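Protein chains in written order, with my numbering: chain A, 1 to 235; chain B, 1 to 235; chain C, 1 to 235; chain D, 1 to 235; chain E, 1 to 235; chain F, 1 to 235.
Since the hints were made in silico from the structure, they are not lab data. Small disclaimer: the values here were computed from a predicted structure and weren't measured. Hints may be right or wrong, so weigh each one.
No copy labels: a pair is met if it fits in one copy or bridges any two.
[Claimed, not checked] Each computed DSS-like pair below joins lysine-lysine, with the alpha-carbon atoms no more than 30 Å apart:
1. Lys2 with Lys141
2. Lys188 with Lys141
3. Lys103 with Lys188
4. Lys103 with Lys141
5. Lys2 with Lys196
6. Lys188 with Lys2
7. Lys141 with Lys196
Number of protein chains: 6
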Amino acid sequence: MKPVAVRNIPRANPDTIAGLAGMGVATVHEAAGREGLLKPYIRPIYPGARIAGSAVTILTQPGDNWMIHVAIELCQPGDILVVACTADNTDGMFGDLLATSAKARGAAGVVTDTGVRDVRDLEAMGFPVWAREISSKGTVKNTLGSVNIPVVCAGQLVNPGDVVVADDDGVVVVRRQRADAVLEAGRKREANEEDKRQQLADGVLGLDIYEMRSRLEAEGLVYLDSLDELEQSQS
Amino acid sequence: MKPVAVRNIPRANPDTIAGLAGMGVATVHEAAGREGLLKPYIRPIYPGARIAGSAVTILTQPGDNWMIHVAIELCQPGDILVVACTADNTDGMFGDLLATSAKARGAAGVVTDTGVRDVRDLEAMGFPVWAREISSKGTVKNTLGSVNIPVVCAGQLVNPGDVVVADDDGVVVVRRQRADAVLEAGRKREANEEDKRQQLADGVLGLDIYEMRSRLEAEGLVYLDSLDELEQSQS
Amino acid sequence: MKPVAVRNIPRANPDTIAGLAGMGVATVHEAAGREGLLKPYIRPIYPGARIAGSAVTILTQPGDNWMIHVAIELCQPGDILVVACTADNTDGMFGDLLATSAKARGAAGVVTDTGVRDVRDLEAMGFPVWAREISSKGTVKNTLGSVNIPVVCAGQLVNPGDVVVADDDGVVVVRRQRADAVLEAGRKREANEEDKRQQLADGVLGLDIYEMRSRLEAEGLVYLDSLDELEQSQS
Amino acid sequence: MKPVAVRNIPRANPDTIAGLAGMGVATVHEAAGREGLLKPYIRPIYPGARIAGSAVTILTQPGDNWMIHVAIELCQPGDILVVACTADNTDGMFGDLLATSAKARGAAGVVTDTGVRDVRDLEAMGFPVWAREISSKGTVKNTLGSVNIPVVCAGQLVNPGDVVVADDDGVVVVRRQRADAVLEAGRKREANEEDKRQQLADGVLGLDIYEMRSRLEAEGLVYLDSLDELEQSQS
Amino acid sequence: MKPVAVRNIPRANPDTIAGLAGMGVATVHEAAGREGLLKPYIRPIYPGARIAGSAVTILTQPGDNWMIHVAIELCQPGDILVVACTADNTDGMFGDLLATSAKARGAAGVVTDTGVRDVRDLEAMGFPVWAREISSKGTVKNTLGSVNIPVVCAGQLVNPGDVVVADDDGVVVVRRQRADAVLEAGRKREANEEDKRQQLADGVLGLDIYEMRSRLEAEGLVYLDSLDELEQSQS
Amino acid sequence: MKPVAVRNIPRANPDTIAGLAGMGVATVHEAAGREGLLKPYIRPIYPGARIAGSAVTILTQPGDNWMIHVAIELCQPGDILVVACTADNTDGMFGDLLATSAKARGAAGVVTDTGVRDVRDLEAMGFPVWAREISSKGTVKNTLGSVNIPVVCAGQLVNPGDVVVADDDGVVVVRRQRADAVLEAGRKREANEEDKRQQLADGVLGLDIYEMRSRLEAEGLVYLDSLDELEQSQS
């Protein structure tokens, strides 16, 4: 593909994005129909951050972070930089200088399918990054990639403007067009879960709440009384 | 194997279990004759927890956490759920709802050769989990496995009722029948180590405490005075 | 190679070492011309430590930590033990007893291409370790290796007396002979970065600070105004 | 997402597909602008096969191959089944029975981001498969996925009807709409390469053919005459 | 555990073992109720071998193959050496000398959760090995392990005398006590499959043979006619 | 480090190199005192090749094969290109065009800690490559590295002019200065092994040839007569 940078991308409603941030990754992933979860090797560099934002996507070359500079100019406040690479690469493509710049432009954080460095500084400045590795390995600025094209990051397709949600559980991406529907589904799910959580906290079993006993029996689960019975059943 | 759930399992003496919890994984592993250590990819989701308990074992299918619901009913206070899977799988089989239920039934924690999710909530409720991965990926409840059969979890055979010890160093399993003997061996080891620790803190060398010098010489270790000598010895 | 232990090694100037410790891994790695970074699978067992010291190198056999005892005698205050192994191995070759001994002899920390155990105790005593894995698996003392020979640790050649710098970003090794030059280069870099950091914090773009726009254009980067334009450009 | 199966998909021109098959993966990948390469962990189960075909995409659940049965009905002669999974999974989702069925319906082969089994039989029947693992682990037919929706397989987005090319080098996917253009670009590339290959075979250097010497010098490459000079340059 | 070597172990009926060898791994694994499959990282060092035999189990220490010598004395013709290790280790614990010895004593092959070397020689002498890695790394004979105790090899419990079946698909272990029943189940399965294979070869769909259509509908699979419909259904 | 290319390197005696090639990797590794083995993830792209040659070393940047062009000019007949990279990278840095060029200049083969492509063509032209991955991913020629400097390739230090030996077992590097001594040690080892091989083939046990029985007893190995005894010994 020819290297391009797209200046303007559509974004979801800020209130929707804020609502999704509040829910967290696990709930949003469920509410989205279990779509959009990045592979679990993407981890936060420090615990406790929970953000959501519009994806500004970046396709980099291995060992080269040039395009991140291009992308920062195209960021709007609240956006999340989503960095993909044309090959598996753990180089530290993002560090304290780029974070200073991204933060100054209002970026909310970074999700990168590469390495990151200066993690102590990044935590000190409260700029959250989710990455596949922590590495001081420096990068060059020699080969073009693209900004704001669809990319695959950690096994998921991310389109420019999709909503990215990230917390201690990982990262999920929601198609921009579905963001409102997912928020609504998430709210229903939360309401629904609250009641179950209370019952479970009171000691009621999931077997009973979800009426699983008859299905377990129909599928053939056999209860035995002891390990002796188990041994007999296998000989 | 036919899917079964065994209701009653033998358990070790509660005092023995408490004693093993106090020792921690490294000491228990040594005291057990260096048996029973789960592979080190199993890590705690937050630092600082140290528990021991009787194993309630669960064999799950990939992407399916149905059997965990079955297992929670069979838990007794202080038990540890040990989740194995018929295939390598990192899905988030355990999260805040199941933790709420397990905690309400008195479970002390979970060791799972799969993923876990809602880690922020789990830390907040003080319910420790050791897992191979953190992942929001949801699971279904469609295919039977078994509860309280011998399973292989992270490379170790775990029988129902075996004692599981888990802390920041990882997870070790002790055969129920050997638990008392291991506790006793651990206490001797601790007493023995205390003296050595004091000597080492005073600057006495392990070479001298363990009388290694003659064996090193017998095996052929040669001391050289400088890197120059090293270079000469190699040409 | 015949197993040897070299008693005396050259060391860099203590002030130089202290200066490198203050800079941290990412800066030192850059100042060294991007040489000497250990692979990123080497991670600190607890956050926040930042040290530098002269490498006392150890070549161990898998499952055998005998040579670490030999090395501790040869340590001087401020040295860092650098443990390599003749095979990939994650056994817990270093734990609280060895740490007690190493600390008593003045060692500043450990970098090991193997496992480590007793991490809770090590954090409590403030003895930092960078390792490839946390594992309680014990080791034997049966097979000789060597101390203070050149080793490859996590993909990097480390000579006895080279300066090792370690922090939350990982570990970098600097040839002893180059340590002064690297410190000087690092100081220039820091001075140079400070100005850029301020500009970036003020919202000036890297594109402008580094004068990238003309090079981007020369290389062929095309700016598009919208995703619609992108779609048209690809059909 | 709701589980769906799309019956009819657009396909590229059969002559185009045949042309791409003849070129092989490396050339097609270059001709496509270095887009669309699946991660290299996807390997052929036996050497020597080289195919291209229209992608019939399948999204499966871990441990469950139900959707492959649904997909085989929707295959047309020459199609390639492309199997993705909602989680990393190495179960043997495809074996000799499914291969017999797929072959009877005219499928040209399978690319699967999961395991495969019966590899001896598959080679004997000449039905090529590219997979991430070989595993006898059986699967169930309990949970729905989808057929002929866009999927991410081994890190690449694959749309139904995209052209998949696979050989000993791996697998590349070409957007259906670009297939003709890629074929044309590949032919130009082949013609261009033939001349270079001949020159290279005659001993002409790439440095001269590609006129690299001046650029190397401009970038700062320094030629030294000996290792002694190298040592002097570094001290 | 104390190091022991058990001289005499029970073995399954030779005809049963021969029958299981003829079936191959995938069929035996199914016939055994999908139990006993070793993790798929265990691969044959050359294609085409298919064997079964009684397990002579060996627990080694990392980097040490001493116990294999002990085990060879305890082998009977047709046995398979099953090598486990107390830690993940890829050293070449088995090579042409040990293979010459094992073959002279009638061993049928080796399954090892470690490395193997001299693979060209082993193929030339027709002595099959399944291993996790190929590595020339030599081993020592310094630390005891055990022979003929239950071990976990590549994630599976293997008891001395259990039947091990290995081919191009991998390795499966069958409890000795169940071997006759598994053979019988396998024969039924083969007979049953033959009919299905013929139907599938004739182009009958699995959907019809296994009567899946109604269940697919009941579970909610929706057929769409085109990708346009798909797009509409998602917006 | 400044990018350099060293034109002239010392080489070992051609007869020595030929002798080492004949021995193969496992024997050379032993004869060298078990030094110099590259990590086992480096595998040949086709079976059966066995070569030795002088190392022309190349340090590349991730995704960039520019320096390989520089190196080919500096090759002499019989040399082996040894490719290291400043980061873990699996891109296909070497393919049929470069192989055509390297072969025309007399290179004997390639060992690369990166990916390789066009493997079918390379096998057809009989140009052997050992690599960490097979990948069609193309590379650029934008960033300088170095040629003929010491590099770490797959965990081993390789100096320019060191002797590299490669076969189906992997790759080993021998210091140039030690090549003659290693050849001689290897010949002694082969002579010594031949006698043992014959004895082993006649059914004599390693336990007796190597006189291990007394050492086993001294170390504490206990022979038991049956699994019943084993069970009793553990309770």
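Outcome of the hint check:
no.	hint	result
1	Lys2 with Lys141	both (17 Å within a copy, 17 Å between copies)
2	Lys188 with Lys141	between (47 Å within a copy, 21 Å between copies)
3	Lys103 with Lys188	between (34 Å within a copy, 25 Å between copies)
4	Lys103 with Lys141	within (21 Å within a copy, 33 Å between copies)
5	Lys2 with Lys196	between (52 Å within a copy, 24 Å between copies)
6	Lys188 with Lys2	between (44 Å within a copy, 18 Å between copies)
7	Lys141 with Lys196	between (53 Å within a copy, 17 Å between copies)
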